[in-house]
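K.L.:
Chain residues, written in single-letter form:
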Amino acid sequence: MTAKGRGSEKGIRATRGSETAAVLRGQLDRDSGIGGLGIRKTYKLYVGGEFIRTESGRADAVESPRGALLANISRGSRKDLREAVRKARAAQPGWAARSAYNKGQILYRMAEMLEGRVDGFEKLLRDGRGLTPAAARREVRASIDRLVHYAGWSDKFTALLGTVNPVASSYFDFSVPEAMGVVGIVAPNAPDLLGLVTHLAPVLVAGNTTVVLVSEKHPLASLEFAEVLATSDLPAGVANLISGRREELVPHLARHMDVQAISDAGGDIALSKLLARDAAVNVKRVRGYELRDYQSDDAQGLDFIEAFVEIKTTWHPIGV
Amino acid sequence: MATEIDERAERKAVARRFEAERPRIEFGTAWEYAPAPEAADIVSIEKRENLFINGKFVPARSGKVFETINPATEGVLSEVAEGGAADIDAAVRAAEEAHRKRWSRLKPAERGKYLYRIARLMQEKSRELAVLETINGGKPIKESRDVDVPLAIAHFFYHAGWADKLEYAFPRHRVSSIGVCGQIIPWNFPLLMAAWKIAPALAAGNTVVLKPAETTPLTSLALARIFQEADLPPGVVNIVPGAGETGAQLVNHPRVRKVAFTGSTEVGKLIQRAIAGSGKRLSLELGGKAANIVFEDAAIDQAVEGIVNGIYFNQGHVCCAGSRLLVQESVAERVIQKLKLRIETLRVGDPMDKNTDVGAINSRMQLDKIRELVACGVEEGALLHQSSCALPAKGFFFPPTFFSEVAQSHRIAREEIFGPVLAVMTFRTPDEAVEKANNIPYGLSAGVWTDKGSKIFQITSKMRAGVVWANTFNKFDPASPFGGYKESGFGREGGMHGLRAYVELS
Amino acid sequence: MSALPSLLDLSRVPPVDQVGIEERAAGLARRSIKKEAKRAGIRLAMSMLDLTTLEGKDSEGKVRQLCRKAIRPLPGDPTVPHVAAICVYPNFVAIAKDALFGSGVKVASVATGFPAGQVPLPVKLDETRRAVSAGADEIDMVIDRGAFLSGEYDRVTEEILAVKEACGAAHLKVILETGELETYDNVRRASDLAMAAGADFIKTSTGKVTPAATPPVVLVMLEAIRDHYLATGRRVGMKPAGGIKTSKQALHLLVLVKETLGDAWLTPDLFRIGASTLANDLLMQLAKESTGRYQNEDYFTKD
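Quick note, the sequences are listed as chains U, E and R, same order. Going by my numbering, the first residue of the first sequence is number 1, and it counts up by one from there. Going by my numbering, the first residue of the second sequence is number 321, and it counts up by one from there. Going by my numbering, the first residue of the third sequence is number 827, and it counts up by one from there.
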């Protein structure tokens, strides 16, 4: 799929000067309401706790299903990805070392921040994916609930995934789950917000740090969600969000030697196969997801955490 | 300039005199052990060993055979049928049919009873299995007898009990089997690896096509005879010896639903690539270059034992071998001195002698690789220490060896040697130890030696490795999950976590 | 007086891991000692024996009988060497000395309030001097375990120093009574302390407390001796005692010595086995090795 071909699809297209101006014109009128000219948001990448423009200087236009221009977003590059992995790597030991209680508090804080911005997210979902107000509302509510769900897991999954192993010799032997490290997430195109939260939260709660390729078609709610992350006491670099084109970014993510695992919910069979092949370069753990119903309770739970932990077994002699 | 050289020479001479006057401990012949050979006539090896497919021993369709030898004598033990594509296909189809028609339909408790029966039969034949393992693989009979065979048996016992309890291991899930498992095992623990692979697969209701390593097919085939004797339904386990190509055919067979591989990281990556996108499940147990970290407050003599056990156990042919020693500078000299003494007491030679500690290297190829890397260590400037033991004239042997004055950048500190060769490095602080230990693409195992409890918890939790031995090394148990981080693979074998690789959850 | 700091830096005494040392000792127990190795090992063990009688009912008659056994363990077979020493209470030193005259078998006497050691130091010293003057070649003293366990290392050290002085030319064996020390850490610490204070031998037990000379305890002490030798160049001897009844146990002990301290210690000068009934089992095993027949105890003299 080429960039040009993609440009004709609803949702996203490359920005080219004159055309953009034309598309924007219709929007401007709507924006200037009672108080005068509306202020538009610039959507940026979220890397290392900062909102940055892509180093490449490239942008893509995001459109509504009916073709209205919604915003121009950064078209993240492999160098952005590299930077994001660097930040995620640096943040990982510190994040994993936070107490489970603290991680839970931070995830709950994310839910609080999202709750406080319900209206904005609903609008983004309505505009971006053409959801009905009720559907948009349902998705935002489900996203909040999912964060709360995983906030509660932080100090429990270890007990459920860990074991004490009765070995036949004088040793105390136990297995505990530990974070894998830096996990790449290829988020689904839709549902963009709930999909992001569904795959991000369990990876984070396990103590991993992440680089997320957000929904390619509908990136706005995800990029907006970066502001939730930024205001939730989540340490900088723990979650990094990159918008841009999958076919450009996925191979670099899959082949990155400092990424330990990938959660692949991108839904593109060809790209997933490529990803799985390239992931072998450093024996990455790859977990593919094809969830039919993100709203369902089946789209959450311990299995999603288990997929992104390593099991470490420790032996120690019992003696005096 | 000249005086500087003179001074240096003088210092060296003083050091030599000092060394000569230092108290020495001599391990000589004041009281020698007489040869204590285990009787080999307990096993009878067929002149021609066949493939085990659908409950029967059959020749390869191609008629191809390869020789299997005793690495301690280089004598040929048997000709073994080499499985090809047609044989793999027949084996996979037999396994598929056995899965569909019988094994997956069997009451779980009944599956468990088969495994118990197999374990009992193995116990009855344990001496025979130990002798066969030693003859074909070169490992000391002491280890086959006391480690490999008992652990292999324990794996069947352990997993037998899981067969009807899988729902307890995976609450809130419906547990079912996956189907045909293609399993490829290495030559370092032939029987034990077969048990690690087959027992959990069968307990969970899967059927198996197993490819043993090219150099060590005999105990897998002995296990096949035990399966026959146990009346295991035909096709539930099929054993197809061969080399890499046979393994590739197994991995790529479309009806194989799960691949389990233990072997090199290089081949593991090829397999991961090969089955990408196929929907096949995969577990990998790959290479390692484990660090054994010895702190100054450790129980030094037990640490030295742990180091020795870590690297000289099974001639160092152990993926989780403690092949890097990181010792705190303040005790480095003492540890090295003790290590030098200790390797002199390792008895190297005839693997069938019950007093042999270090047996034969598994193959000429492996011996060449060890020699090459040791030569490289010398060339790179590390200081070589080697046991003065005499080596048998025939067979593949290598003396217990370690290098001091090794730097992280040396090849011997980075590459898996898979032989009795240890690289000794030093560190000053705990952070440095952790950093050096983790500074390797592998992450299978690690060792930590300290007498301080709180230090153990912190250092072990910082090790990026799947198995961490604190104040011990190279311990295994079927109840204890084993497997790696990073390029040492994924998935666990043993324990409750090991079951996960062999079940389908819904 | 505080002699300790200059003699022994306790912070340098290494800890001992229980499971590790027990595994190592058990590993060495699996050495297979057959044929010539077994015959040579049994003869060696016999030559290292401290044939012991330490009972309230000991009498002159008993001691004299035992001395005859010590000189000629297997009447009619001169290839079986005499034992290293007879070990008796001080009251019997003179009798044993007389009975063993010219045989090469040494006389060892327990002293210092054996087995508990709970008598005043002057009494201990007096007992030691008397035993030596009665002809004892070797003194087997006990340490004050109560003092050791309550951390009074100085007191234990001072007692050993004083007894050593009282011994004069006689060799001093220091009994740690490891069964009461309980942990391997304590055994190691007491071994280092005794060697620093001048012990010629360190000995596990009195034979009155179990457990006594278990293989891991012996191994801990052998490792202490090795480290002491490597650090100072002085060879200290080792004497396991208590509960050693079979040839298999004795051969296992020799394996521990061979693989820890090497050839230099495989001599009665540096390794002894304290036992009262081991001798006959050694003889029975030797007979079995040469005849191929399993033996009956009535064919061997009980003294």
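Check before you lean on any hint, since a few could be wrong.
[Claimed, not checked] For lysine-lysine, the following DSSO-like pairs were computed, each having C-alpha atoms within a straight-line distance of at most 30 angstroms:
id, chain 1, residue 1, chain 2, residue 2
1, R, K883, E, K660
2, R, K1034, E, K674
3, U, K79, E, K589
4, E, K660, E, K674
5, R, K1071, E, K674
6, R, K1074, E, K445
7, R, K1034, R, K861
8, R, K888, E, K660
9, E, K782, E, K485
10, R, K860, E, K714
11, E, K772, U, K156
12, R, K883, E, K674
13, E, K714, E, K756
14, R, K1114, R, K860
15, E, K421, E, K367
16, U, K156, E, K674
17, E, K674, R, K923
18, E, K445, R, K923
19, U, K156, E, K421
20, R, K895, R, K883
21, E, K485, E, K660
22, U, K273, U, K123
23, R, K861, E, K714
24, R, K895, R, K923
25, R, K883, E, K795
26, E, K772, E, K782
27, U, K41, U, K156
28, R, K1128, R, K1034
29, E, K421, U, K79
30, E, K376, E, K332
31, R, K1128, E, K674
32, E, K674, R, K860
33, E, K433, E, K589
34, R, K860, E, K445
35, R, K861, R, K923
36, E, K660, E, K433
37, E, K376, U, K273
38, U, K156, E, K445
39, R, K864, E, K714
None of these hints come from the bench; they were simulated from the model. Note that the structure is a prediction, hence the values are computed from the model and not measured.
K.L.:
Work down the list of hints and note, for each, if the structure agrees.
P.N.:
Hint check:
no.	hint	verdict
1	R:K883 x E:K660	violated (51 angstroms)
2	R:K1034 x E:K674	violated (36 angstroms)
3	U:K79 x E:K589	holds (26 angstroms)
4	E:K660 x E:K674	holds (23 angstroms)
5	R:K1071 x E:K674	holds (25 angstroms)
6	R:K1074 x E:K445	holds (27 angstroms)
7	R:K1034 x R:K861	violated (34 angstroms)
8	R:K888 x E:K660	violated (49 angstroms)
9	E:K782 x E:K485	violated (34 angstroms)
10	R:K860 x E:K714	holds (25 angstroms)
11	E:K772 x U:K156	holds (28 angstroms)
12	R:K883 x E:K674	violated (46 angstroms)
13	E:K714 x E:K756	violated (39 angstroms)
14	R:K1114 x R:K860	holds (12 angstroms)
15	E:K421 x E:K367	violated (35 angstroms)
16	U:K156 x E:K674	violated (50 angstroms)
17	E:K674 x R:K923	violated (45 angstroms)
18	E:K445 x R:K923	violated (58 angstroms)
19	U:K156 x E:K421	violated (41 angstroms)
20	R:K895 x R:K883	holds (19 angstroms)
21	E:K485 x E:K660	violated (50 angstroms)
22	U:K273 x U:K123	violated (35 angstroms)
23	R:K861 x E:K714	holds (26 angstroms)
24	R:K895 x R:K923	holds (14 angstroms)
25	R:K883 x E:K795	violated (51 angstroms)
26	E:K772 x E:K782	holds (16 angstroms)
27	U:K41 x U:K156	violated (39 angstroms)
28	R:K1128 x R:K1034	holds (21 angstroms)
29	E:K421 x U:K79	violated (54 angstroms)
30	E:K376 x E:K332	violated (69 angstroms)
31	R:K1128 x E:K674	violated (35 angstroms)
32	E:K674 x R:K860	holds (11 angstroms)
33	E:K433 x E:K589	violated (37 angstroms)
34	R:K860 x E:K445	holds (25 angstroms)
35	R:K861 x R:K923	violated (36 angstroms)
36	E:K660 x E:K433	violated (49 angstroms)
37	E:K376 x U:K273	violated (38 angstroms)
38	U:K156 x E:K445	violated (45 angstroms)
39	R:K864 x E:K714	holds (28 angstroms)
Checked against the numbered hints given earlier, the structure breaks hints 1, 2, 7, 8, 9, 12, 13, 15, 16, 17, 18, 19, 21, 22, 25, 27, 29, 30, 31, 33, 35, 36, 37, 38 and satisfies all the rest.
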